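Construct the complete structure from the given sequences, taking the supplied hints into account.
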Amino acid sequence: MATDIAAVNTTRGLRKVGRYSLLVFVAIVVLFPIYAVLLQALKSGPDSLDHPRSLLPVDLTFSTISEAWTQGDLGRLLMNSLFVSVMVTLGVIVTSLLAAYAFAFLEFPFKGPIFVFYIATMLVPGEVTVVFNQRTADSLGWINSYQGLIVPSLASTFGVFLVRQVFLQLPHELREAASLDGVGHLRFLWEVAAPLSRPTLGALGLFTFLGTWNAYLWPSQVIRGDRAHETIQIGLDRLKSNDISRLNLVTGGLVVAALPIFILLVVFQRQLVRGLTAGAVKG
Amino acid sequence: MKRRLRDAPAAVLMLGASLTLLGVWTIYPLIRAIQTGHLSCDQTGRKCTEKGWGQYLDVFQSKQFQDALMVSVKLAVMTVPIGLLLGIGLAVLADKHLRGIGFFRTVFSSTVATSVAVASLVWFVLLQPEIGVLSDLFSDWIPALKNPGLLRDPDTALPAVALSSIWASLGFTFIVITAGLQSVPKELYESAYVDGAGSFRRFTNVTLPMLSPSILFISVVLTTRALQTYGEVALLTGGGPEPEKSTTTIPYLIYGRNSIISGNIGLKSAAAVLLFLISLVFALVQFRGFEKRVHYGN
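Heads up: the protein sequence lines correspond to chains G and L, in order.
Everything in the first sequence is counted per my numbering, starting at 340 for the first residue and increasing by one.
Everything in the second sequence is counted per my numbering, starting at 1351 for the first residue and increasing by one.
Each hint should be verified, as a subset may be incorrect.
What the hints assert, rightly or not - Which residues of chain L face chain G? A partial, calculated answer using Cβ under 8 Å: (1) 1464; (2) 1475; (3) 1486.
What the hints assert, rightly or not - To give an idea of the interface, some chain G residues facing chain L are shown, with a C-beta separation under 7 Å as derived from the structure: (4) 388; (5) 463; (6) 583; (7) 589; (8) 597.
What the hints assert, rightly or not - Derived DEER-like restraints, expressed as beta-carbon distance ranges: (9) L:1431 to G:459: 24 to 32 Å; (10) L:1548 to G:355: 37 to 45 Å; (11) L:1363 to G:363: 52 to 60 Å.
In case anyone wonders, no lab produced these hints; they're calculated from the structure.
This structure is a prediction, so every number in the text was calculated from the model and none was measured.
Heads up, the beta-carbon is just placed ideally off N, CA and C, and yes, glycines get one too.
Take a look at the structure:
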């Protein structure tokens, strides 16, 4: 019988080795694009084009990144993206909290139909509304402006739903006790309801920030060639050059554009998973 | 009844901001697009002539729209099944308590940090025919990488765009499926094991049914994304290669720089509304088709 147990152990061991090899192989495939671009960005111009030597971590330098930084005015682009994303995130949290509170704690005429209206807006994709939003922005004088980038995104139906869901789970006695003590709606929202839903607000905030930071279609339509207001996503395109020997500048720009988000996601991994799975697991 | 009226002013104040924003930036442009879809307008968009609602049908049947629809649908057919299979495969592979598994999970979710622009430009650099790393490394096996380059060959341009999309969505798919796997009660596996089900049976009879809500969710999201692909095309191919325009998706037909309808807001609106309806139909069909098979637990 002893040999049988040994055999089981070897198969187990083999399986483990097999699984690890597969994991490593897939990890290499998934990471390869990031690795290749990162290393090209960390090499000087000629070195970055010398394949496959470009894939070896030797002769590293920041010269390409710093050239891309000046050439693409990346500092400015980053600040624009940061400002727009922070403003939109704060705005979405505030508008979602307020609307969710009304749906969860208040009784008012037409509550049902108004809620249906919110659901309906969730189905309308940006690709349809951009045509006329561009015109609205134009007539407001908001083409090439921060307002144009920020204001249309300040309300999120997804956010209203997410927060309402949490508010509905708060014990109703909390609200009743508070009103007996004469605590008003806004104070209750600010001091009780919002702090109790902090994990959800964190996920919503992270999501909104990511979505705004990464947005492409709307910024590309509302910013028309005005470098002062470009976000990093649409500004990166300028580093693409017809001169192929300067193409490595794009890699420098990519590293600068992606790094803040990678750091953000490593720090907030848990919120990210919570947000992504909010709609997926269970109906 | 009393309370409804007493709360009303507070409700107006609290809903005011988001209602106004949604009205102005979501509902108004939708209604205007639907209305304008039956007009034909000049470059300024001020002078429009009535074409009637038949214009929707005309746009739908036009060669340009049909071609773009085909491109969008092909993109969905390429990205959704492969994206789903890879996502499930990776999630199952990493769903084991092994030493260092956290590292692999982080790697597999990493592409969630890339935006459309970043992912597209990454692949633009890698696939560049003269100096791209992939072109240099693999041109012996795939000559098209060098000549003329995947993005410049009308047959391979769309698969190359799909490759970039699949890679970029992988992190998202992996995270959602992993969360789905972790919510499967362990007792289900144990009882299946006791009933003598092998690992393959356990996968098909326990894992897959329990994952079905996540799979439905992912498949709807990926399909919608594929139909609404714009940035990848704008950055990777510019809708080309010409003259086949083999990567001009519907959104690119509407918003692209050299779009033939860019000056005509009537046609743009009609195409945009049709895109909305098509996405809706695709989502509904998936919900309907899956409905009976999706298992929501409890």
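Hints versus structure:
1. 1464: Hint holds; residue 1464 of chain L Cβ to chain G Cβ min 6 Å, cut 8 Å.
2. 1475: OK, holds: residue 1475 of chain L within 8 Å of chain G, min 6 Å.
3. 1486: Where the cut-off is 8 Å and the nearest Cβ of chain G is about 4 Å from residue 1486 of chain L, the hint holds.
4. 388: holds (5 Å)
5. 463: holds (5 Å)
6. 583: holds (5 Å)
7. 589: Where the cut-off is 7 Å and the nearest Cβ of chain L is about 6 Å from residue 589 of chain G, the hint holds.
8. 597: holds (5 Å)
9. L:1431 to G:459: 24 to 32 Å: holds (30 Å)
10. L:1548 to G:355: 37 to 45 Å: violated (19 Å)
11. L:1363 to G:363: 52 to 60 Å: At 57 Å between Cβs, range holds.
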